[in-house]
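**Q** Sequence:
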Amino acid sequence: MDQWATVLFTDESRFSLNTDSRRTFIWTEPGTRYLPSNVREIDHYGGGGLMVWAGIMLGGRTPLHVFERGTVTGVRYRDEILEPYVRLFRGAVGPEFILMDDNARPHRALLVDEFLESEDIRRMDWPARSPDLNPLEHVWDALGRAIATRNPPPRTIQEMKTALLNEWDQLPQEMINCLISSMKSRCKACISVRGDHTPY
Numbered sequence: 008m009d010q011w012a013t014v015l016f017t018d019e020s021r022f023s024l025n026t027d028s029r030r031t032f033i034w035t036e037p038g039t040r041y042l043p044s045n046v047r048e049i050d051h052y053g054g055g056g057l058m059v060w061a062g063i064m065l066g067g068r069t070p071l072h073v074f075e076r077g078t079v080t081g082v083r084y085r086d087e088i089l090e091p092y093v094r095l096f097r098g099a100v101g102p103e104f105i106l107m108d109d110n111a112r113p114h115r116a117l118l119v120d121e122f123l124e125s126e127d128i129r130r131m132d133w134p135a136r137s138p139d140l141n142p143l144e145h146v147w148d149a150l151g152r153a154i155a156t157r158n159p160p161p162r163t164i165q166e167m168k169t170a171l172l173n174e175w176d177q178l179p180q181e182m183i184n185c186l187i188s189s190m191k192s193r194c195k196a197c198i199s200v201r202g203d204h205t206p207y
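Residue numbers for the sequence shown follow our numbering, beginning at 8 and rising by one.
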């Protein structure tokens, strides 16, 4: 457990005003649900929405950052995320601090690498195709469920932003701690499927 105590797990997610409640059901043979042939990765976001970023660690979390308009670039990642959030967490945790960010193109820009090196921020190696390994994915799910149960639901981008910020602050830290505590079993599952999708 202690090996995860200094890791800041980070990720971006998009929340859309137009949610698609249609579900697709697929029947598979027992024990084959997560085989590569039975997993389809899709990326569909219709209508207006917001891109957000956050970081979680044992006993804490960053504020939820909402990207205002436009796409996330290496410059924006450095200026809006690494400078104001990650650098401060690195200072608070000390030299044992480890940043977990995925292999998205903005995260791997040369100027990002140079910034991390200049701030002495270590980065965790991350499997190329295992977003389900990141405990923050489950936090995004919980945040999405909280937004979906709001009555009335957010109808404008500003209402969505307010709802996301409020619900983020209400998520129980105990849930986040439990998800991070599951990292040992997540890593074992990832190794057993050679970096492919896991049941997490």
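Just so you know, these hints were derived from the structure itself, not from any lab.
It is possible that some hints are incorrect.
[Said to hold, decoys possible] Restraint ranges, calculated between C-beta atoms of paired labels, are given here:
#1 Arg157 - Val100: 18 to 26 Å
#2 Asp9 - Ala111: 25 to 33 Å
#3 Glu144 - Arg115: 14 to 22 Å
Ideal Cβ placement from N, Cα and C applies to all residues, glycine included.
**Q** All hints, please: hold or fail.
**A** Structure-based check of all given hints:
no.: 1; hint: Arg157 - Val100: 18 to 26 Å; verdict: violated, 34 Å
no.: 2; hint: Asp9 - Ala111: 25 to 33 Å; verdict: holds, 28 Å
no.: 3; hint: Glu144 - Arg115: 14 to 22 Å; verdict: holds, 19 Å
The earlier numbered hint that this structure contradicts is number 1, and it is the only one.
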